[in-house]
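Taking UniProt numbering, the leading residue of the sequence shown gets 1, the next gets one more, and so forth.
Any given hint could turn out to be false.
[What the hints assert, rightly or not] Derived lysine to aspartate or glutamate pairs resembling EDC-like cross-links, with alpha carbons at most 16 Å apart: (1) 276 - 174; (2) 260 - 149; (3) 232 - 270; (4) 188 - 326; (5) 290 - 326; (6) 138 - 174; (7) 260 - 326; (8) 260 - 286; (9) 322 - 298; (10) 322 - 149; (11) 322 - 200; (12) 257 - 343; (13) 163 - 184.
[Stated by the list, open to error] Simulated DEER-style distance windows between Cβ atoms: (14) 273 - 181: 35 to 43 Å; (15) 148 - 232: 25 to 33 Å; (16) 326 - 153: 22 to 30 Å.
None of these hints come from the bench; they were simulated from the model. Backbone N, C-alpha and C fix where the C-beta goes; we use that ideal spot for every residue, glycine too.
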Amino acid sequence: MSNNSSNTKRSYRFALRSSLFITIVFGLLLLLFHFLFELEFKKWWHELIMVLLLFSSSFIIIQYRVQRFIYRRIKKIYEDVSLLETSNFTDREIATDMRTLTQQVERFAKDKKIEIETLKVRETYRKEFLGNISHELKTPLFTVQGYIDTLLDGAHKDKVIRKKYLQRAQKGVDRLTYIVKDMDMITKLEVGDMSLEILEFDIVELVQQVFDQFEMKASKKNISLTFDMDYKEPIIVFADQERIQQVIANLVVNSIKYGKQNGTTEIAIEDLINNKVIVRVTDNGEGIKKEFIPRLFERFFRVDQSGSRREGGSGLGLAIVKHIIEAHNESIYVDSEPGIGSEFSFTLEKVSDKISEIEVVVEE
């Protein structure tokens, strides 16, 4: 904080009111003495001069005392508070007015309260994130380590066991690679290092490709992958085809993981205003509790709080989905009801339907 006196916002309100109060009291006493003791002044303006002199002297003395006595204490308060957060009080004028000071301190206290609460929430999320990432990495690492240790202890001599354990260890390494790859993608999306290849493509065809890709996975739980209607005409959107395919794939895989046996995963593509479409991925699965919905897109956050990883995955799928959609400057929404199902939807820019008119010029 600057110690320059020019950084001081002087207030004369206290001195002015105090001087006015003293002057009024003195004036009343003067009039009282005048009538009681019949004091006479040679001219009326002598009394006026006395009143003005009293007012001026009172103002100067009181203001001086305020500046000397109060200002130094207020300045000390500013300096102490500035140690907590220099950005709030650095180069700010030091007000000697009590009302202004009170407002500034109350504002500072309110900002600090919000900041502290935000930090507490972030600290909670940080601890959970570290715990989750530790669990996600620990499981495949211990698996790989266990199989390798077993092989080193002599199991490698058995050709059948050696091949089986190496294959299982490879799966653990693949899972680690998958997690690291997803985390790298999220980091690039967050810092803006991942460029998007924006082009025009048919979103209906892309959804069908995703259905074909996960048809066998869905058939294991007898889940039907279907459109809400028969789309006879293509719907052309403007986005990064590869990334949007990844978004749809993640949402479809989630719907299969948490879907009910003999259930349905349905995708609808609807027109919105301003050349937008909304893609809805709906299932009739387990559903999600309301308290979990705000945290669905956090890294490694899972609705299953038991710590089980029976459904597999890196725990980063929805976080990647959110970042990809936001990288397109679009929005993603969640609507879910426990026991009924969930709907994930996101918007995309639709290519305007333009009909080219060809003018035929006939020469006479």
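Against the structure, the hints come out as follows:
no., hint, in the structure
1, 276 - 174, "violated (38 Å)"
2, 260 - 149, "violated (39 Å)"
3, 232 - 270, "holds (14 Å)"
4, 188 - 326, "holds (13 Å)"
5, 290 - 326, "violated (23 Å)"
6, 138 - 174, "holds (14 Å)"
7, 260 - 326, "violated (30 Å)"
8, 260 - 286, "holds (7 Å)"
9, 322 - 298, "holds (9 Å)"
10, 322 - 149, "violated (40 Å)"
11, 322 - 200, "violated (21 Å)"
12, 257 - 343, "holds (14 Å)"
13, 163 - 184, "violated (31 Å)"
14, 273 - 181: 35 to 43 Å, "holds (37 Å)"
15, 148 - 232: 25 to 33 Å, "violated (55 Å)"
16, 326 - 153: 22 to 30 Å, "violated (49 Å)"
Checked against the numbered hints above, the structure violates hints 1, 2, 5, 7, 10, 11, 13, 15 and 16; every other hint is satisfied.
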